[in-house]
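Protein chains in written order, with the numbering used here: chain A, 1 to 623; chain B, 624 to 700.
Please note: incorrect hints may appear among the correct ones.
No more than 20 Å apart at the CA atoms, straight line, and that leaves these computed lysine to any residue pairs for SDA-like [to be verified]:
1. Lys462/A <-> Ser663/B
2. Lys587/A <-> Arg561/A
3. Lys576/A <-> Val672/B
4. Lys462/A <-> Asp687/B
Calculated from the structure, these hints are not laboratory results. Predicted model, so just to flag it, every value in this text is computed and none were measured.
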Amino acid sequence: MAAGYTGKILRVDLGSGKISVETPDEKFYRTYFGGRALIAYYLLKEVPAGADPLGPDNKLIFAAGPLTGAPFAGSGRNSVGARSPLTGAYGDGEAGGFFGAELKRAGWDAVIVEGVSAKPVYLWIKDEHVEIRDAAGIWGKPTLEAQDIIREELGDKNIRTAQCGIAGENLVRYAAVCNDLKHFAGRSGMGAVMGSKKLRAIAVRGSKPVEVADAEALREQSKWMTENFMELAGDLRDVGTAGTVMNLQASSGLPTRNFNEGQFEGAEKISGQTMRDTILVGRESCFACPIRCKRVVAVEEPYKVDPRYGGPEYETIGSLGSVCGIDDLAAIAKGNEICGATSLDTISAGMTVAFAMECYENGLLTKEDTGGIDLKFGNGEAMVEVLEKIARREGIGDLLAEGVMRAAGKIGRGAEKYAVHVKGQEVPMHEPRLKFSLGIGYAVSPTGADHCHNAHDTLYVKAGGAIDDLSSLGILSPLPADDLSGEKVRLMAYVTLFRHYANCALYCQFVPWGLSRMEQITRAVTGWNTSLFEIMKVAERAVTMTRVFNLLNGFDETHDRLPEKFFRPFTSGPLKGLEIGKEQFHKAKALYYGMMGWDQKGVPTRAKLEDLSLGWIQDMLGR
Amino acid sequence: MKVRVRVFGHLRRFLPENREDLVMEIPEGTSVKQFTASRSIPDDEIWVVTINGKNADEDAVLSDGDELCLFSPVGGG
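Isolated chain B (complex conformation) (with noise of 0.2 Å):
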C-alpha cells in the first residue's frame, strides 16, 4: 500500500534520499511503530505522530493513501 510519509525536524535522514515528503510502498497492516523501527528511527527522536492530521499513537496500523507525519521533540529559545 502507499502512504504518504511527511518528516519534520532532523528526521529527513532516516527517509530514503533524505527525503522530507515522499509516497512510500509498505506492506499491509504496518503500524507506526513498524513503520519506524524499519526506518531505524530511534524512540527517543519521535515526539508527535499524525495519521491524515489527526494525531495517533505508534501502535496505529496505517492504511492505503495515508498520510502519516511525525515530529521531532522541540524546545524553544
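Next up, chain A with everything else stripped away, as it sits in the complex (with noise of 0.2 Å):
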C-alpha cells in the first residue's frame, strides 16, 4: 500500500484540452522520488533536445516529494521544472508554503503540464476533480489579487495557489511560480514557462490526510522537534534568513555594488536585527513547521508595503540591496512586495539591476536607455521603478528583462564583463571568494549558479555543529573555507548531493533535523527499509538525470565555469589578496567529476549510469 507518495500524477494537456492520470509503480516512486529526479526523469522521455522554452513542446512539472505534506516540521515544499527559458539548461525551482502539503492531500504525486492553451485558464483541482478554468478574470492582475478573485469564484478561502504573475504573463525570463503569495520557486524561470502555457495558476484543495507508514515513529520525531527547535534553529526565527547579513559583512562575503566587493559601508542598515527593529510586524511559518523564519513587514512612507505580501529573505536583501549598493530599507521591502505581486525571481531581478546600474556608471547604458532613471548604484528609487518595469517588458525593463546574459550581448561594447552569472542563471547572493567550493558548485550546478544545492564552506570550518552531522557520511574534519583540495571536493560533493536529495524528497533544508533523523523520517513516511546509501543514490540519480539533460541540450564542461570577477582577488578587507587560483579550480572541478563517475568531459560513464539504474540513458547519449 501506497505510503508517503499517492501513486497518482496528473497529466493536463493546454492544448487540447485532455486531462488523464497516470499511476507509476511502487518501485518507479523508490527510484525517483519525487522533486527533482521525478522532474529529471520526465524531461528526459518527453522533452525533445533543443525543444523551445516557451513553445509548445516543453513541459512544465509541478513536483512534490514521498515526504510532502507527511506531519513534520519543513515537509511543506514542492518543485517546479522544465527546460529553462533563462539557460536552456534544466530548470527547476523550488517552494515552501501550503501548495505542496494541499496538493498531496488532494492525492497527487505531481502534475505534468503540456501543450499550450489557446486562451488564459488556471487548473483548479479539488482531490479527484480537475477542471481548467477560463482565467480572463485574473490575467493581468496582482497576485493577490488573482488568489482572492480565485478563492472567491471558487467559494472557498482555504484554496491554495501556485501563480505565474505578470512577469510570467509577459515571459520574462527570469519570472517565478509563486506559492501562497509569500513562497517563491524562483530560480530558472519557470514562471515564464508557465505563462507561454497561458496557464496563470493551478489552485488546489485536498481532504485527505497523506498516509504514513509509521505516524508513531512521526510523532516522535516531532516530539524532539518541538523540543529542540529553538535550540537548534539559531536565530531564524528572531531575524530570518536575514540574520546573515552581519555575519557576511564580518568576513567579507556580502556581495556589493555588482561582486565588485564583499563589505557593504550600509550593511548595518539592512540587517536582519534592524528589519526586526523597524519594519518588522510579524512572523509566519509553513506547513508544520514550528520555526516561524518568514518575515512580515509594513511601511507607510516613502513606499507603502502591504505585509500580505510578506517579507524580504536573505537573498533579497543582498540582490535588491548590497549588490546593488542600496541601503534604504524600506526601498528593498518596496522591492521584495513588487517582485511577490508580479512573481519574479528576486536574484535574478536584482542581480540584473545591478549590471545595469554597472553598466550606467560605465558609460554602456545612459539616462536616454533608461527612460531618464539614474540608475546609479546606490539608488533605491531607481531599482524599485526598473523592477516595476521588467516585470511589464516597459523600456528599459524589455531588455532588462532578458536576463543579464542576453542584456550583455544586446549591449555590446564590452558589457559581457558585467554579467556575472554561470550558464546564463545570474549568480545568488553568496561570494566564492569566501566558499570556495560554493564555487565550484556554481560552476557545475545543473540550473547555472545556484546556492540551494551547494556546499557553504563557512559551516565547516571548526569541529563540532555542522560537521558532526556529517559523520554519518563518513566526513570527519572539518577544513578552511577558501580550501580547495581534494578533501574539501569529497565535502562539497558529500554535503551537496544530500542537498539534492532535499530537492526531491522534498524537504526544507532551514529546518534542523540533521542527516540521521532524515533518514529516519524517510523510513517512518514511506515504510521503506532505506538507508543513507540509498538516499544518497536517489541524489546522484537527479545529479547525473539532469547533467545528460543538459549534454543533449547542448551543454559541455566549458560552460561549467565561473565569471572572471571571482579571479580577481578582493584589495582590502579580511580576504584581501586571496585569490581563488585557476589552475586550483579547474583540478577541483576535474576532480568533482570524478567523484560523481563522470569522464573529463563531464560525461557519466556507462558504469556510473548502470549504477543508478540508468540504463535506459545510454542510447540517448548515442552508445
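With the hints as a guide, bring the two chains together.
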C-alpha cells in the first residue's frame, strides 16, 4: 500500500484540454522519489532536445515528493521544473508554503502540464476533480488580487495557489512561480514557462491527510523537534534568514555592487536585526513548521508596502540591497513586494538591476536608454522603478527582462564583463572568494549558478556542529573555507548530494533535522527499509539525470565555469589578496566530475549510469 | 575596563539577560578567548571575531572602550 507517495500523477494537455491520470508503480517512486529526479525523468523522456523553452514542446512539471505533506516540520515544499528559458538547461525551482502539501492531500504526487492553451486558463484541482477554467478575470492582475478572485469564484478561502504572475505572462525570463503569495519557486524562469502556456495559476484543495507508514515514529520525531528547535534553529525566528547579513559583512562575504566588493558600508542598515527593530510586523511559518522564519513587514513612507506580501529574505536583502549598493531597507521591502506581486525571482531581478547599474556607471547605458532613470549604484528609487518596468517589459525593462547574459549580448561593447552568471543564471548572494567550494558548486550546478544545491564552506571550518552531522557520511574533519583540496571537493560533493536529496524528497533545509533523522523520517513516512546509502543514490540520480539533460541540450564542460570577477581577489578587507587559483579551480572541478562517476568531459560513464539504474539513458547518449 | 559586546546569530543566549548588545565590565588584559570562555560560549559557535570593526583572532587582548563583535558560522539557502 502506498505510503508517503499517493501513486497518482496528473497529466494536463492545455492544447487539447485532455486530462489524464498515470499511476507509476512503487519501484518508480522508490527510484526517483519526487521533486528534481522525477522532473528530470519526465523531461528526459518527453521533452525533445532543443525544444523551445517557451514553446509547445516544453513540459512544466509541478512535483511534490513522497515526504511532502506528511506531519513533520519542513514538509510543505514542492518543485516546479522544465527546460529553462533563462539558461536553456535543466531548470527547476522549489517553494515552501502550503501548496505542495495541499496537492498531496488532494491525492497527487505531481502535475505534468503540456501544450499551450489558446487563451488564459487556470487549473482547479479539488481531490479527484480536475478542471481547466477561464482565467480572463485574473490575467494581468497582481498575485494577491488573483488569489482572492480565485477563492471567491470557487467559494473556498482555504484554496492554495501557485501562480506565474504578470512577469510570467510577459515571459520575463526569470519569472518565478509563486506559492501562496509569499513563497517562490524562484530560479530558472519557471514562471515564464507557465506564462507561455497561458496557465496563470493552479488552485488546489485536498481533503485527505497524507498516508504515512509509521505514524508513531513520526510523532516521536516531531516531539523531538518541538523540544529542540528553539536551540537548534539559531536566530531564524528572531531575525529570519537576514541574520546572515552581519556575519557575511564581517567576513567579506556580502555581495556588494555587482560583486565588486565583499563588504558593504550600509550593511547594518539592511541587517536582519534592523529589519526586526523597524519594519517587521510579524513572523510566519510554512506547513507544519514551528520555526517561523518568514518575515512580514509593513512600510507607509516613502513606499507603501503591503504586509500581505510578507517580507524580504536574505537573498533579497542582498540582491535588491548590497549588490545594488542600496542601504534603504524601505526600498528593498518595496522591491520585494513588487517581485511578489508580479512573481519575479528577486535574485535574478536584483542582479540584473546591479548589472544595469554597473553598465550605467561605465557609460554603456545612458539616461536615454533608461528613460531618464539615474541608474547608479545606491539608488533605491531607481531599483524600485526598474523592477516595475521589468515585470511589464516596459522601456529598459524589456532589455533587462532577458537577464544579464542576453542583455549584455545586446548592449555589447564589453558589457559581458559585468554580467555575473553561470550558464545564463545570475549568481546568488554568496561569495565564492569566501566559500571556495561553493564556487565549484556554482560552476557544476545543472541549473546554472545556485546556492541551494551547493555547499557553504563557512559551516565546516570548525569541529562540532555541522561537521558532526556529516560524520554519518564519513566526513570527519573540518576544513578552512578557502581550502580547495581533494578532501574539500569530497566534502562539497557529499553535502551537495544531500541537498539534492532534499530537492527530491522534498523537505526544507532550514529545519535542523540532521542527516540521520532525515533518514529515519524517510523510513517512517514511506515504510521503505531505506538507508543513507540509498538516499545518496537517489541524489546521485538527480545530479546525473540533470547532467544528461544538459549534455543533450548543448552544454558541455566549458559551460561549467565561474565569471572572471571571482578570480580577481578583493583589494581590501579580511580577504584581501586571497585568490581562487584558476589551475586549482580546474583541478577541483575535474575531481568533482570523477567523484560523480563522469569522465573528464563531465559525461556520465556507462558504469555510473548502470550503478544508478539509469541504463535506459545509454541510448540517449548515443552509446 | 568597559567593553561593548555585540553578538550576532544565536550567541545572545550566552550573554546576560539574553542581550545581543551591551557594555560589560571585564578585567584588564582579558583576551577574546578568555572572555568567551567566561561566558561558556562553545568554540564551534564562534566563527568570526572583530574588535573595533577589524577582524581579530581569539588571542587578541581587549582594551578599555573596545567594541567586540562575535559572529556564528552561517550557511545559506
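A quick look at each hint next to the structure:
A hinted pair counts as satisfied when its Cα atoms are at most 20 Å apart, and Lys462/A with Ser663/B qualifies at roughly 17 Å. Restraint check for Lys587/A and Arg561/A: satisfied, since their Cα atoms lie roughly 12 Å apart, inside the 20 Å limit. Restraint check for Lys576/A and Val672/B: satisfied, since their Cα atoms lie roughly 17 Å apart, inside the 20 Å limit. For the hint linking Lys462/A to Asp687/B, the alpha-carbon distance of about 30 Å lies beyond 20 Å, and the restraint is violated.
When the structure is compared with the earlier hints, a violation turns up for hint 4 alone.
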